[in-house]
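Q: Can you make the complete structure from the sequences, with help from the hints?
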Amino acid sequence: MTSVLTPLPVLLPLLGAAGALLVGRHPRTQRTLSILVLTAVLAVSVALLLLADENGAEAVSVGGWPVPLGIVLVVDRLSALMLVVASTVALGVLVFAVGQGSADGDEETPLSIFHPTFLVLIAGVSNAFLAGDLFNLYVGFEILLTASYVLLTLGGSAPRIRAGITYIVVSLLSSLLFLAAIALVYASTGTVNMAQLAVRLAELPEGTQLLLQSMLLIAFCIKAAVFPLSAWLPDSYPTAPAPVTAVFAGLLTKVGVYAVIRTQTLLFPSGALDDVLMWAALATMVIGILGAVAQTDIRRILSFTLVSHIGYMVFGIALGTTAGMAGAVFYVAHHIAIQTTLFLVAGLVERQGGSTSVDRLGGLARSAPLLALLFFVPAMNLAGIPPLSGFIGKLGLLEAGVDEGSWPAMVLVGGGVLTSLLTLVAISRVWTRAFWRPAAAEPAADTARAAASDAGPDTTPDTTPDTTPEPAPEPVGVAAANGAASPAPSAGRGRRTRAAARERAWARHTAVATATTPSEDGFGDGSRGRRPGPEQPLPGVMLGATMAMVAVTAALTVVAGPLYGYTDRAAADLWDRTPYLESVLGERNAP
Amino acid sequence: MTPTVVLPVVIGGLYAAGVYLLLDRSLTRVLLGFVLLGNATNLLLLSSGGVAGLAPILGVAEPEEMSDPLPQALVLTAIVITFGISAFLLAMIYRSWRLVRQEVVGIDEEDRRVAAREAMDADDLDPDDLDPDDRPAAHADSLHPGRTDTEHVDAALRRRHPGIASDDVDLPPTQRSRS
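As given, the protein sequences belong to chains A and B, one line each in that order.
My numbering numbers the first residue of the first sequence as 1 and each following residue consecutively.
My numbering numbers the first residue of the second sequence as 1 and each following residue consecutively.
Simulated from the structure, these hints should not be mistaken for lab results.
Keep in mind that this is a model prediction, so the values were computed, not measured.
Glycine is no exception: its CB is placed at the ideal position from the N, C-alpha and C atoms.
Incorrect hints may have been included.
Computed footprint of chain A on chain B, listed as stretches where at least three residues anywhere in the stretch have a Cβ under 8 Å from a Cβ of chain A [said to hold, decoys possible]:
1) 5-13
2) 55-64
3) 69-78
Pairwise CB distance ranges (calculated) [unchecked claim]:
4) A/W279 - B/F88: 32 to 38 Å
5) B/G53 - A/V402: 45 to 51 Å
6) A/T32 - B/A61: 51 to 57 Å
7) B/A17 - A/L370: 55 to 61 Å
8) A/A40 - B/A17: 33 to 39 Å
9) B/V51 - A/G586: 29 to 35 Å
10) A/L370 - B/F83: 35 to 41 Å
11) B/F88 - A/M1: 37 to 43 Å
A short, non-exhaustive set of chain A residues, derived as facing chain B with CB atoms under 7 Å [claimed, not checked]:
12) F135
13) G156
14) V169
15) L176
16) A180
17) D235
A: See below:
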């Protein structure tokens, strides 16, 4: 049973992608196909979860090759849980994207590339979760990264290309590091099969082990956005279309976390770098959340909280105890769902209010009470307000930290509480400004001038009433920059000139930052110019998908007891290692 | 069969050159750096199979004389991936050039705005903000050499108000169209 089901989460989306590409001219068929495929993946994942919980880990040799030679796919409790959460989230986001597509009126000129690429992304994610050898893990990473490059730069507008280049170069660097680490691992052990590695790596000299472990960890920490290696994330995520950002935020960093878990438990269980990871976790939590507090754009706030909360998972992993690992796995599941939901809600907020900057939004609680509710529940969940699942996850991690009892763990516990409070600060700023305060007199819009007006001191527009022509927000800032810059030489002197020059500079800055070309694809926020006004109701499908995701996050709270029991068993398996090794190598060969 | 010293030296050289190029702002150099790094990694992967031997085909060579086939298979996969991504990067660079007439790593404008919102502290010094004469040699070609009227004004402003960070009053010249 398992041997039939295991390859399906990789195969189905790949075949579905091929099919979706073939029917690219029939958007309706394409949508139905992708939704069907993802539903099937979700069903298979749930079946795998039940089987894995009942029978323990199972390995499948693809193509029937004998084990250390061929490619092995392994399902244990951890990977089955990750598969279920990932496919749930992917399905929710896909439905949201379909809703957004039909609401923006792209029935005529559909963006036929989105669905195939999205399915390939899911195939890569599943492959990474199932991979039983290091090189297959690398291939899984490459599949999902290549798909993510395409999704991040959909439409090819200037801000997306700018963000995409940063993202691609950083991802490439981490992939090359990973590949080099694989080469060194193979040179020193003669295998890339993870179960065999678990046995052979322990026989290596300590220095070699440390080198290999740190190379793998650095590569995975770049992908997971752990602090010193996290600067790429808030730069690149916020520019993408809402569904894309949502699925990236939910899944991609967590694949990195998953790889870190495998490295720390299966390959190098000695805990040599636990202290380093511990301090990295603290820095990730605190610095990430301080970044979130400083931001004014909802998507950027969420990106920074994403970085910050990765720290919780790394903390749980670095504790090196079963309780810590159980907390980390639970937190991963919770965080995938919650972060995706919040980014979807941010997409709805942008449609409703015309902006994602909290300085320009207002009165949403009155004008869209349902949206306010949809934001409020996951936001409180993210901040860890009892009794929601975020509170349970954080409580589990903090308890595990206190149980461990060493002084770095206690510092981390303090850092975790502080981060939780600061998350509440960042989130409640969004709530009070965008939702609670009265609406502004004029409708908000992301124009360059509006953005400039909430820039810095000395830049209020009223100091220069008529010298600056309104910069057109339309073509990628170049024209805006031109128009704003031309009257500069003739402007007056002294303070007035300085303020005027500053304001023009900000207008140009923000024109580049906020303006996007009206997109030909009709997809995502490339369509800033022709977004429906605040009076129009939000499209039902998008609202429904978001409501379903909010329901999923709430359901995580309801099933938190059984789920925590499951993650406990998963963590015990991870530290025990025997189930994994026996499933791959057979009971005789396992040590 | 003795191990060769050539491969490690070549790998080291490629890594050094690749990292140097990757640190540049010009995207073409970044791409070249990535290609060099990818080749260095592929060679490393290839050399991880041990010393070279005969082709690993049964009947052609004895098993103990064969070279290890697995790294070769891995390298093939890695080469394909590197190739595909290089092509994609090239397309991105071309798109960037079409859109904003620049092919350097961009600046996160929103980040700068947020950084300047509370206190007007200077951002990291950006080569694009410097006078063309002061720029590192590698950047001379990726930027526009001509000084326009606005640049004179900006320079004058900078002299008059030395305390203000350059990016408050001055955009990187690359964002300005040449018109």
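Q: May I ask you to test the hint 55 to 61 Å on the CB atoms belonging to B/A17 and A/L370?
A: holds, 57 Å
Q: Checking hints one by one. Is A/V169 an interface residue toward chain B, by the C-beta closer than 7 Å rule?
A: A/V169 check passes; min Cβ-Cβ to chain B is 6 Å, inside 7 Å.
Q: Is the distance from the Cβ of B/F88 to the Cβ of A/M1 consistent with 37 to 43 Å?
A: holds, 39 Å
Q: Given A/A180 as an interface hint, is its Cβ closer than 7 Å to any Cβ of chain B?
A: holds, 5 Å
Q: Could you tell me whether the CB distance from A/A40 to B/A17 stays inside 33 to 39 Å?
A: violated, 48 Å
Q: Hint check: is the beta carbon of A/L176 less than 7 Å from a beta carbon of chain B?
A: holds, 5 Å
Q: Are B/G53 and A/V402 spaced within 45 to 51 Å by their CB atoms?
A: Given about 57 Å between the Cβ atoms, the range is violated.
Q: So does A/T32 sit 51 to 57 Å from B/A61, Cβ to Cβ?
A: holds, 54 Å
Q: Hey, does the A/G156 contact hint survive, CB to chain B under 7 Å?
A: holds, 5 Å
Q: Between B/V51 and A/G586, is the Cβ distance one that fits in 29 to 35 Å?
A: For A/G586 against B/V51, whose Cβ atoms are near 32 Å apart, the range 29 to 35 Å holds.
Q: Taking beta carbons only, do three or more residues of the region 69-78 of chain B come closer than 8 Å to chain A?
A: holds (count 5)
Q: Quick one, is the A/D235 hint okay against chain B at 7 Å, beta carbons?
A: Holds. Min distance 5 Å.
Of the hints listed earlier, those the structure fails to meet are numbers 1, 2, 5, 8 and 10, in rising order.
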